[in-house]
Amino acid sequence: MKIIAPVNDVREARMIIEAGADEIYCGVFPKASVRQYDYVAFPNTRSPKGNLKSYADLREVVSIAHHNGVPVFLTLNGNGYTQRLYPMVFEQIRQAKKCGVDALIVVDLGLLLTIKKERTGLDIHMGTASVSFNSQSVKFYEDLGASRIVLPRDMRLDEIKALIKECPSVRFEVIILRSGCRYIDGFCWFSHHLEDIFGSFFARLKGCAPRKDCFACELEYKLSFFGDKRIRRSVKENIVSFPESLSRANACGVCKLSKFHKMGLYGVKIAGRGHSIDQKVNDIRFVKMSLSVLEAKDSRRVGFDDSVKKAHRQIFGVDCKRTCYYPQGR
Amino acid sequence: MTFMEQAILINSIAGLKHVSNKYSRLYFGCEFCERLIPSIDILRRILAVALDRKLKLTLVTPFVTNFGLEALKPVFEYMLKNRDADTEIVVNDLGVLRMLRNDFSFPNLVLGRLLTKQKRDPRVMRFKKYVPLKALQCFAESSCDVPILGEFLTEAGIGRVELDNIAQGVSREGRLLKASLYFPFVIVTVGRLCLISSWRKEKRFSRVIWPCQKECAQASFKLRNRSMGIDLFSRGRAQLFKNGVLQKNLDKMNIDRLIYEPEIPF
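Residue numbers (the working numbering), protein chains in the order written: chain H, 290 to 619; chain P, 393 to 658.
Next comes chain H alone, as it looks inside the complex (with noise of 0.2 angstroms):
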């Protein structure tokens, strides 16, 4: 099972390598992207800050990446690209052609009809936000020539098992650590690209945390309950948050790792383009040393889970009861 890593700077790439990582994927925002469209338009999803700065960082990366046998995948996921963005995205598929990138990870179908019928070459990943549920959809990207699937959170594992069963040419994801949300990436439109640009005019409101009421996914919101009697009887009112069990920083699934293997899983992703390296590296070793638990004879029959769980309190300092990514039942 391959591990996926993200990078967002040149000085990271080699670190994240040698942590273990796969394969990488990475961001180029330039900062001629950012003066052109006004702050509003971005490349894919993450802030500037989670991207590279230039097409020469670009091609650094890949060249160091592909010196350690270790495939770059470029992410051009934004989920709605309009025409008037077509030219940026245009840019960013010539430059990852000429870096020499491996990959695209898109999400928007215009975008992946427009690399279809240029021919790029490169290989087409389908991201989170292609909300892949059922094996349908699959096949609807597979028939556009995406070669892999990143699938959404918030699936069961039997689910994820019937699509690799049912789809054996396409190549499966998922997301294993980082970056939780109570929200269908796919299906989301509370924009973070609004919080990262005007985050500070939040912190001027009366009334508001600077940073606990800029993300939509965090936010307390107060609840008022209309309807039916006999719900309201049931239901807690006045209820002031969400709990950290949607919390988006320490969601993990690691301790499904076996099941993912016996599933034929491809690879698992690191979310956090944007987080520190530190914590990159601390998170590729966990599901590194993981990895190498699981191939160990045995261990795939008896107590992973336990010992994955116990290794998490170890290294994160925190309990990963809360903060799973694949709970029983949806």
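Be aware that one or more of the hints could be misleading.
In silico lysine-lysine, DSS-like type, Cα no more than 25 angstroms apart, as pairs [claimed, not checked]:
no., chain 1, residue 1, chain 2, residue 2
1, P, Lys614, P, Lys446
2, H, Lys518, P, Lys614
3, P, Lys606, H, Lys518
4, H, Lys338, P, Lys526
5, P, Lys614, H, Lys320
6, P, Lys521, P, Lys640
7, H, Lys551, H, Lys518
Derived from the structure by calculation, the hints contain no laboratory data.
For chain H, the structure is supplied; the task is to place chain P on it using the hints.
Showing chain P alone in chain H's frame:
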């Protein structure tokens, strides 16, 4: 003045009470949850009402897992046998589109609003005065109007796309597919987590979905946070805000149908 078709969306039989003579088309179904795919019996009743009241019918379908694909098969078989020339199916899942094209050859397909990628974040309006006009224009457009996608959709049997009445207004240019506009509720986000079902178990929040009792049909939440700038509403998996103000130039953008949502959709 260009004719604007008036449609109404209901998610359950109980919603029929909202249907008046004002409407010429009935939207029935759900966008967010495969557990709410209607039974054949319910469909039969809806078709009977539509026939009786001379309403054209549009069946709305959700995004689905393999479970939902199987649940939709008998529904599509029934619709294929009992449709008329104006009957439509709204798809919110590309897998469902593939199935309809390959296995059912259903004409009159519509691309649902989950698949037309507008910028729906209501907080856009909070920053309107700080953002250059051309950037705001960017927020009013949808990726479904990109020409290459329009050609693909037409070949795939889709003749119409569905849009939300987003707060910053809708902008469409070029050769466009026909479009419908839902109002007043605008989808902001959807999850597989059902808010109302999750809060019920032992009065503690649960991330998993306990056996569904379709509580969404009977209850709803209002969610308020100061930074959002507007209240959000939820009955199940989706969160929406309300924008009842309609632009005057909709017909110039090939928007020829308004879909009224009398209740918070679920």
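Hints the structure fails to honour
1, 5 and 7
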